[in-house]
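Put together the whole structure using the sequences plus the hints.
Number of protein chains: 2
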Amino acid sequence: MTSNDQTFLQDLRLRWNKLQLLLNEQNADACLIVTGVNLYYTTGAIYTGYFYLPVEGEPHLFIRRPAGISHPQISYLKKAEQLPDLLKEKGFTLPQKLLLETDELTYNEVMRLCSIFGDIQYGNATSVLRHARMTKTPWEIGQFRISAQKQAQAYKKIKDCYRPGMTDIEFQYEFEKECRALGSLGIFRGFGSSMDIFMGSILTGENAETPSPYDFALGGGGLHPSIPIGANGSLIRKGTTVMVDVAGNFTAYISDMTRVFSLGTLPYIAFKAHNAALSIQEQMFKSARPGRSCADIYNEAYALVEQEGLSAYFMGTIQQAKFVGHGIGLQINELPVFTPRSKEFLSPNMVFAFEPKFVIPKVGAVGVENSFLVTEDGIEKLTLFEEEIIPLD
Amino acid sequence: MTSNDQTFLQDLRLRWNKLQLLLNEQNADACLIVTGVNLYYTTGAIYTGYFYLPVEGEPHLFIRRPAGISHPQISYLKKAEQLPDLLKEKGFTLPQKLLLETDELTYNEVMRLCSIFGDIQYGNATSVLRHARMTKTPWEIGQFRISAQKQAQAYKKIKDCYRPGMTDIEFQYEFEKECRALGSLGIFRGFGSSMDIFMGSILTGENAETPSPYDFALGGGGLHPSIPIGANGSLIRKGTTVMVDVAGNFTAYISDMTRVFSLGTLPYIAFKAHNAALSIQEQMFKSARPGRSCADIYNEAYALVEQEGLSAYFMGTIQQAKFVGHGIGLQINELPVFTPRSKEFLSPNMVFAFEPKFVIPKVGAVGVENSFLVTEDGIEKLTLFEEEIIPLD
Numbered sequence: 439m440t441s442n443d444q445t446f447l448q449d450l451r452l453r454w455n456k457l458q459l460l461l462n463e464q465n466a467d468a469c470l471i472v473t474g475v476n477l478y479y480t481t482g483a484i485y486t487g488y489f490y491l492p493v494e495g496e497p498h499l500f501i502r503r504p505a506g507i508s509h510p511q512i513s514y515l516k517k518a519e520q521l522p523d524l525l526k527e528k529g530f531t532l533p534q535k536l537l538l539e540t541d542e543l544t545y546n547e548v549m550r551l552c553s554i555f556g557d558i559q560y561g562n563a564t565s566v567l568r569h570a571r572m573t574k575t576p577w578e579i580g581q582f583r584i585s586a587q588k589q590a591q592a593y594k595k596i597k598d599c600y601r602p603g604m605t606d607i608e609f610q611y612e613f614e615k616e617c618r619a620l621g622s623l624g625i626f627r628g629f630g631s632s633m634d635i636f637m638g639s640i641l642t643g644e645n646a647e648t649p650s651p652y653d654f655a656l657g658g659g660g661l662h663p664s665i666p667i668g669a670n671g672s673l674i675r676k677g678t679t680v681m682v683d684v685a686g687n688f689t690a691y692i693s694d695m696t697r698v699f700s701l702g703t704l705p706y707i708a709f710k711a712h713n714a715a716l717s718i719q720e721q722m723f724k725s726a727r728p729g730r731s732c733a734d735i736y737n738e739a740y741a742l743v744e745q746e747g748l749s750a751y752f753m754g755t756i757q758q759a760k761f762v763g764h765g766i767g768l769q770i771n772e773l774p775v776f777t778p779r780s781k782e783f784l785s786p787n788m789v790f791a792f793e794p795k796f797v798i799p800k801v802g803a804v805g806v807e808n809s810f811l812v813t814e815d816g817i818e819k820l821t822l823f824e825e826e827i828i829p830l831d
Numbered sequence: 439m440t441s442n443d444q445t446f447l448q449d450l451r452l453r454w455n456k457l458q459l460l461l462n463e464q465n466a467d468a469c470l471i472v473t474g475v476n477l478y479y480t481t482g483a484i485y486t487g488y489f490y491l492p493v494e495g496e497p498h499l500f501i502r503r504p505a506g507i508s509h510p511q512i513s514y515l516k517k518a519e520q521l522p523d524l525l526k527e528k529g530f531t532l533p534q535k536l537l538l539e540t541d542e543l544t545y546n547e548v549m550r551l552c553s554i555f556g557d558i559q560y561g562n563a564t565s566v567l568r569h570a571r572m573t574k575t576p577w578e579i580g581q582f583r584i585s586a587q588k589q590a591q592a593y594k595k596i597k598d599c600y601r602p603g604m605t606d607i608e609f610q611y612e613f614e615k616e617c618r619a620l621g622s623l624g625i626f627r628g629f630g631s632s633m634d635i636f637m638g639s640i641l642t643g644e645n646a647e648t649p650s651p652y653d654f655a656l657g658g659g660g661l662h663p664s665i666p667i668g669a670n671g672s673l674i675r676k677g678t679t680v681m682v683d684v685a686g687n688f689t690a691y692i693s694d695m696t697r698v699f700s701l702g703t704l705p706y707i708a709f710k711a712h713n714a715a716l717s718i719q720e721q722m723f724k725s726a727r728p729g730r731s732c733a734d735i736y737n738e739a740y741a742l743v744e745q746e747g748l749s750a751y752f753m754g755t756i757q758q759a760k761f762v763g764h765g766i767g768l769q770i771n772e773l774p775v776f777t778p779r780s781k782e783f784l785s786p787n788m789v790f791a792f793e794p795k796f797v798i799p800k801v802g803a804v805g806v807e808n809s810f811l812v813t814e815d816g817i818e819k820l821t822l823f824e825e826e827i828i829p830l831d
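As given, the protein sequences belong to chains A and B, one line each in that order. Under the numbering used here, residues 439 to 831 are what the first sequence spells out, in order. Under the numbering used here, residues 439 to 831 are what the second sequence spells out, in order.
Read the hints as simulated data drawn from the structure, not as lab findings. Please note: incorrect hints may appear among the correct ones.
As the list makes no split between identical chains, a pair holds if one copy fits it or if it spans any two.
[As the list claims (entries may be wrong)] Straight line, CA to CA, 25 Å or less: simulated BS3-like cross-link-like pairs of lysine-lysine:
hint, residue 1, residue 2
1, 781, 517
2, 781, 594
3, 597, 615
4, 535, 819
Structure, rendered in structure tokens:
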């Protein structure tokens, strides 16, 4: 919003218009946006503040921090209680129905805002925002292309990160540094409270079977009980795989890609399952286009898994994830989701990660993950890097 | 809770007892804990689940994930709606007053739980947990000692991370790798939505003045508008400082330490302000003991800042933080806080970070931060490492 780049401002307007259409559908007069991720979506920056978007006309941003900004559509405030007076000052009629981010703000934050705006109708801004964010604008798609390209560049360095005798975590922090050197922002965001992760996951050998409390595709014990996911300090041993699923957070839009590496000779079942994952991806790639049901895509993937007799290994063993793909964006788990009961249908400008994976006991994880853009008549793969199992030795 | 270590189990019981006393004070029958950080506090692990602690007697944990756990105090459930029946099965009387984490769970999560438990009284479990967590148990203090010792070991490597011509971020990812190699868990937790950060902050030169939307002691522009904090890619130049404030997350308990490095010759004002910070720390160290007001400690620090004529530089320039210290623990911003209007008083087994800092325009940040344990009759410094400005060249 403080940027003077006209293309970017036009892109922001596309997002405001998309949200305003959804506000109108909800008979809402306005939404008030408070969370960092949604402020970034609607303004292009992070603030401690409140973005007020009416169903028609121009939005206004009320901020506490950072200091020192001067812009006609930005005003300073000290506390949320000033919002009604400030809105009136700026010429807004106070809303009769206001949407708040009720799946993201805490109970007490929402109660405070409700006490400020009083006895009016309230609705859920989170679902509106998640719906709007499900399809991406041209600028957002451009950001994905940058992330995906840099992620592929980073993945080229993985082989060089390996030295014999390494543990999974030693391998991981070598690769983390390569990612940072290429401009990885480090942190990335997830929606909801069911995931904590640091940059991504590297799984080798038996650790790939360890169930996690989190809602990721695969688990792993992690380094410590306080962050039970991914690498657990296992030695990378001959006859095992190393699955690398480290986020492409080179812009705020996260590309998602997984590749499998191996040490020594793998058993036949590992290659069979890996090839099944590639076939599932191929089948999805051929059929995915606007209008296709995400549930159908899951079910077709699962049918191929069953046909190959691999269900016991699909998306884990002891604990199996019930999805094979998910939308990506400012958060790693956006809409749509590819589950047996998903209600979404593909439409142009959605961006999603598709990740058929198998866990082979004592060997490790195999499979593939790529990021795809839904086009007018099909899909385009954004994360381009070799997909066979890559030997480390 | 699944650990068989008797010392650890005894320590968990201390925490349950502390919480039960607070539940009793609130006339509450029970609290239901859902967030990862509070589940780790009460059980020693992370689950997707619900920890039910009655005001008297034994708690029970109901989990969805991870799979494969067998323990007399743990049951599996599929959804929260089963909780009342499962509680009755386990012999609990359903609560008449139940505390929920209303400053941490989303509005919709709390509303769902309220619809499950029906028309009873509800209260705030977050404030009870933050109060309980403010003083640490023997096991928790042991974890801090491990974190602080490893953090000091990591800080010894900082000088070796520097090579002439480096930018702040190049310097940072060299140091990040050293931290990871020493066992840094990577992610660490903050309370509330006013902070996003990746491992910590490195500030050099003019970037130290850049105001941030977040609630950290100092700002910095960051690498990208989506994460506006810390290093921004500035070249480390002669005549400037480099302030390193990277978290000691070597256990789930985060020690906090800041040190200042320099390149070339600094102006007199930088040393004057740095020495003032050390004097403020010394003054605090002499007076801090159980019973002391945290507001008084802030005000005494600020009096010394004014006496030295350094108020314009204290805790920032364009934007100045209004605190000089904060509790640490499983989150980087626990209680107590050291602000002009803080209501807390020191008591034994509190652990806090004290961070008098100054920003000198065009030079960078100076000052110091250490982690302290409140003992029976004073305080003990946990983060032991030289405190003068350390030349990189």
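Hints and how they fare:
1. 781 with 517: between (40 Å within a copy, 20 Å between copies)
2. 781 with 594: neither (37 Å within a copy, 54 Å between copies)
3. 597 with 615: Classified as both; 14 Å inside a copy, 18 Å across copies.
4. 535 with 819: Neither way: residue 535 and residue 819 sit 41 Å apart in one copy and 53 Å across, limit 25 Å.
In this structure, the earlier hints numbered 2 and 4 are contradicted, and the remaining ones agree with it.
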